[in-house]
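Undergrad: In case you want the letters, here they are:
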Amino acid sequence: MTMPSSDISQALIQAVTEAADRRQPLQLCGSGSKDFLGRTPSGASLDLTGHRGVINYEPRELVITVRAGTRLAELEALLAAEGQMLPFEPPHFGPAATLGGTAACGLSGPRRPYAGALRDFVLGVTLINGRGERLRFGGEVMKNVAGYDLSRLMVGAMGTLGVLLDVSMKVLPLPEVERTLVQECDELQAIERMNRLAGSPLPLTAAAFDGLKLFLRLAGSEQGVAAAQTQLGGEILPDGERFWHRVRELEHPFFGNDRPLWRLSVAPGSPPLALPGKQFIDWGGAQRWLVTDQSAERVRERAIQHGGHAQLFRGGERAGEVNHPLAGPLLRLHQQLKQAFDPKGIFNPGRLYAGF
Amino acid sequence: MSHTPNIDKPALIRALQQQLPAELILHEQEALRPYECDGLSAYRQVPLLVVLPENAEQVQRVMQCCHRLGVPVVARGAATGLSGGALPLADGVLMSLAKLNRILHIDPLNRTARVQPGVRNLAISEAVAAQGLYYAPDPSSQIACTIGGNVAENSGGVHCLKYGLTVHNVLQLKLVTADGELITLGAEALDAPGFDLLALLIGSEGMLGIVVEVLVKLLPTPERAQVLLAAFDDVSKAANAVGDVIAAGIIPAGLEMMDGLAIRAAEDFVHAGYPVDAQAILLCELDGANEEVSAHLARVRQQLLDSGATEVRTARDEDERTLFWKGRKSAFPAVGRISPDYYCMDGTVPRKRLAEVLLETSRLSERYQLPVANVFHAGDGNLHPLILYDANQPGELKRAEDLGAEILELCVRVGGTITGEHGVGHEKIHQMCVQFSSTELNQFHAVKKAFDPQGLLNPGKAIPQPRHCSEYKALGSDTLTAPSARDQGARKGV
Numbered sequence: 067m068t069m070p071s072s073d074i075s076q077a078l079i080q081a082v083t084e085a086a087d088r089r090q091p092l093q094l095c096g097s098g099s100k101d102f103l104g105r106t107p108s109g110a111s112l113d114l115t116g117h118r119g120v121i122n123y124e125p126r127e128l129v130i131t132v133r134a135g136t137r138l139a140e141l142e143a144l145l146a147a148e149g150q151m152l153p154f155e156p157p158h159f160g161p162a163a164t165l166g167g168t169a170a171c172g173l174s175g176p177r178r179p180y181a182g183a184l185r186d187f188v189l190g191v192t193l194i195n196g197r198g199e200r201l202r203f204g205g206e207v208m209k210n211v212a213g214y215d216l217s218r219l220m221v222g223a224m225g226t227l228g229v230l231l232d233v234s235m236k237v238l239p240l241p242e243v244e245r246t247l248v249q250e251c252d253e254l255q256a257i258e259r260m261n262r263l264a265g266s267p268l269p270l271t272a273a274a275f276d277g278l279k280l281f282l283r284l285a286g287s288e289q290g291v292a293a294a295q296t297q298l299g300g301e302i303l304p305d306g307e308r309f310w311h312r313v314r315e316l317e318h319p320f321f322g323n324d325r326p327l328w329r330l331s332v333a334p335g336s337p338p339l340a341l342p343g344k345q346f347i348d349w350g351g352a353q354r355w356l357v358t359d360q361s362a363e364r365v366r367e368r369a370i371q372h373g374g375h376a377q378l379f380r381g382g383e384r385a386g387e388v389n390h391p392l393a394g395p396l397l398r399l400h401q402q403l404k405q406a407f408d409p410k411g412i413f414n415p416g417r418l419y420a421g422f
Numbered sequence: 017m018s019h020t021p022n023i024d025k026p027a028l029i030r031a032l033q034q035q036l037p038a039e040l041i042l043h044e045q046e047a048l049r050p051y052e053c054d055g056l057s058a059y060r061q062v063p064l065l066v067v068l069p070e071n072a073e074q075v076q077r078v079m080q081c082c083h084r085l086g087v088p089v090v091a092r093g094a095a096t097g098l099s100g101g102a103l104p105l106a107d108g109v110l111m112s113l114a115k116l117n118r119i120l121h122i123d124p125l126n127r128t129a130r131v132q133p134g135v136r137n138l139a140i141s142e143a144v145a146a147q148g149l150y151y152a153p154d155p156s157s158q159i160a161c162t163i164g165g166n167v168a169e170n171s172g173g174v175h176c177l178k179y180g181l182t183v184h185n186v187l188q189l190k191l192v193t194a195d196g197e198l199i200t201l202g203a204e205a206l207d208a209p210g211f212d213l214l215a216l217l218i219g220s221e222g223m224l225g226i227v228v229e230v231l232v233k234l235l236p237t238p239e240r241a242q243v244l245l246a247a248f249d250d251v252s253k254a255a256n257a258v259g260d261v262i263a264a265g266i267i268p269a270g271l272e273m274m275d276g277l278a279i280r281a282a283e284d285f286v287h288a289g290y291p292v293d294a295q296a297i298l299l300c301e302l303d304g305a306n307e308e309v310s311a312h313l314a315r316v317r318q319q320l321l322d323s324g325a326t327e328v329r330t331a332r333d334e335d336e337r338t339l340f341w342k343g344r345k346s347a348f349p350a351v352g353r354i355s356p357d358y359y360c361m362d363g364t365v366p367r368k369r370l371a372e373v374l375l376e377t378s379r380l381s382e383r384y385q386l387p388v389a390n391v392f393h394a395g396d397g398n399l400h401p402l403i404l405y406d407a408n409q410p411g412e413l414k415r416a417e418d419l420g421a422e423i424l425e426l427c428v429r430v431g432g433t434i435t436g437e438h439g440v441g442h443e444k445i446h447q448m449c450v451q452f453s454s455t456e457l458n459q460f461h462a463v464k465k466a467f468d469p470q471g472l473l474n475p476g477k478a479i480p481q482p483r484h485c486s487e488y489k490a491l492g493s494d495t496l497t498a499p500s501a502r503d504q505g506a507r508k509g510v
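In the order they appear, the protein sequences are chains B and F.
Per our numbering: the first sequence = residues 67 to 422.
Per our numbering: the second sequence = residues 17 to 510.
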């Protein structure tokens with residue numbers, strides 16, 4: 067399988083250096099599939115999609131290194147051809163989504179609580195900092211504690227710390243079989259059951275509740291899945307793959323409206339949040355999607371009560387603080403780190419928080 | 017770093033006595049001596065004084081005091097570290113977190129445990145075993161090492177091939193900053209807003225803050241775990257079999273390798289039933305649902321035979337499984353019995369380069385005339401060559417250090433790293449110059465400055481100054497080896 071490949075890092079370094087000299091804010095752009103996330107983008111566009119292609123892929127090593135502009139769909143097809151996958155099951159939010167954008171947004175799908183998040187599979191990155199320097203951190207090996215872990219720091223930073231040039235990731239074999247079981251229950255029962263099951267040795271790889279039914283996905287060897295299925299009971303969902311795809315991409319009917327969508331990240335076993343509105347529970351209870359008329363303060367207060375935070379994920383007023391406000395000392399640390407990577411403040415200013 | 021080299025010790029003691037009960041401050045020479053080194057005892061330094069805070073608030077008060085007076089602080093857990101990361105400073109405070117040793121809360125539904133940093137790694141799994149849960153990272157020192165130290169080093173262990181390192185198994189940290197503020201990183205949820213400071217702090221070797229509380233993730237104990245022991249008449253065949261097993265689409269819970277020297281030392285020590293005439297063995301653990309383990313055992317056994325194993329044994333029962341692992345986990349002390357001293361390295365390489373790196377290591381071993389035993393996390397490509405030497409023979413420690421440096425540089429050359437899980441600490445600071453450019457090192461220093469502008473937390477460890485690297489590269493490794501080992505003489509390796 068061939069994939070478009072081009073290295074434009076020299077041009078990108080030059081563009082960053084010139085922007086730094088002129089203190090010209092840059093908006094780091096992939097395909098634009100995640101423009102709706104974070105605060106309203108600003109700055110001159112720097113198109114990263116031309117920096118693409120596989121640098122190194124050795125299925126035996128369970129490692130792939132690709133340029134950040136590589137399309138996620140192409141990357142996943144390449145892995146699937148070798149019987150492998152990105153274990154964190156990233157949402158795409160568009161056909162042209164790039165790996166770089168996905169990493170910058172730190173997005174993981176339904177498998178996240180059981181396999182790990184995108185950041186857990188990042189082994190190394192090459193980046194351009196705000197001084198126009200090309201830096202490589204981490205590497206292509208499974209364990210590496212030389213120096214601070216600056217690779218994982220890039221994940222979810224929304225491009226505010228540097229331009230990702232390439233990312234090395236650990237990949238895993240595709241499961242032999244996947245099967246989704248479904249059963250009716252109420253919210254309290256669903257949360258309780260998802261968490262009890264996660265604490266027992268079952269090959270669980272996704273658990274969601276749509277308000278009426280609990281969906282459990284099992285994956286692994288045929289023998290292991292069959293044994294778990296007998297133990298759990300419930301009906302087999304005929305097209306499980308499609309169901310999880312729609313959950314991952316926010317294409318499930320629950321998400322089919324234009325109203326502001328909150329994402330509450332809470333301790334998975336938290337009881338029903340008892341906020342007015344509609345809810346969809348994913349990540350075995352740890353990710354609760356909410357459509358509500360309640361104020362941001364009230365939503366955030368509830369998330370804090372349950373050990374987490376709330377993010378205005380989609381829609382609503384994007385010029386405001388869509389991400390959960392940071393406590394004073396933590397905000398100062400963020401500002402100092404921003405200064406450490408991007409002293410002129412040119413990368414995606416204000417995309418994550420208004421202050422930087 | 018900008019800390020003052022001449023600190024008025026009596027004045028510092030008086031200042032600290034206003035913050036802490038007097039018995040929690042040690043300053044007499046005799047009381048300080050036990051703190052002079054960590055697990056890498058070739059390097060020793062008696063600290064200026066030792067503080068033993070009993071709670072997070074006392075940690076904050078000590079940090080506020082030291083911050084005001086510009087006194088550097090080195091944090092220490094159980095001091096089992098193998099890179100001199102907790103090596104004290106002559107003009108600094110050593111802060112032992114040993115008294116913060118309580119398990120605060122266990123939450124079976126959310127599968128978490130909230131613990132203080134001085135809690136031992138194994139104590140967590142013991143405390144939650146009744147709920148069918150455990151804490152996955154299991155360094156060989158897990159009976160003694162503390163979770164705070166594990167966080168500082170991003171410790172791994174035998175099972176991290178499948179279950180990850182400390183960074184994959186910690187949800188939240190409470191941290192005291194260089195200026196004595198208490199901050200929380202991460203959450204009880206699976207992620208937190210803003211930058212991933214949790215990931216940044218884990219493995220930062222006590223340079224960015226002092227951990228005073230850890231929320232760890234717990235996993236369900238697998239229904240069944242079974243171990244295969246495969247013997248090989250050739251080290252390269254064993255090394256290549258590692259990649260073959262993983263290429264077959266199965267991720268073992270652990271995949272460990274021992275070479276002939278290590279096999280015989282371990283067998284003499286714990287009588288694990290290892291084949292003593294083998295050139296290498298692999299220990300391959302499979303876990304999961306009963307049916308799945310059965311299916312995978314058959315596949316892996318066949319794969320190992322296809323890869324050239326002369327014999328593949330399955331542990332007959334749980335006792336034999338424990339015994340197989342006991343031999344592996346006792347391998348370091350076992351090697352300690354056959355040599356006056358040993359020096360443990362920690363490079364990681366891509367799995368496909370294992371055979372060639374082992375071959376080259378044995379060539380280097382011959383050249384330096386020092387035996388090397390290999391016992392390591394093969395599935396991760398994380399090598400632990402143990403260099404056998406005798407510190408009482410003039411020049412042998414120096415030769416061991418030089419051999420170690422060459423092995424690490426070899427690891428970098430084949431696309432690996434100088435440290436997979438032990439940390440850079442004091443020990444590998446020169447080799448950082450081989451792995452990173454000066455711009456990369458400067459970026460590390462900028463990050464350090466964002467947390468600790470005065471450079472008070474564990475100064476001089478983990479990240480070398482770029483100018484120091486130019487000297488190292490210009491002069492070669494001979495002139496710049498850490499002076500403490502030379503001056504004070506080494507006793508026992510590790």
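Some clues are possibly wrong.
Below are the PhoX-like pairs computed for lysine-lysine, each with C-alpha atoms no more than 25 Å apart in a straight line [unchecked claim]: (1) F:Lys-465 to B:Lys-410; (2) F:Lys-465 to F:Lys-178; (3) B:Lys-236 to F:Lys-368.
It should be emphasised that the hints constitute simulated quantities derived from the structure, not laboratory data.
Undergrad: Tell me the hint numbers this structure goes against, listed in increasing order.
TA: 2
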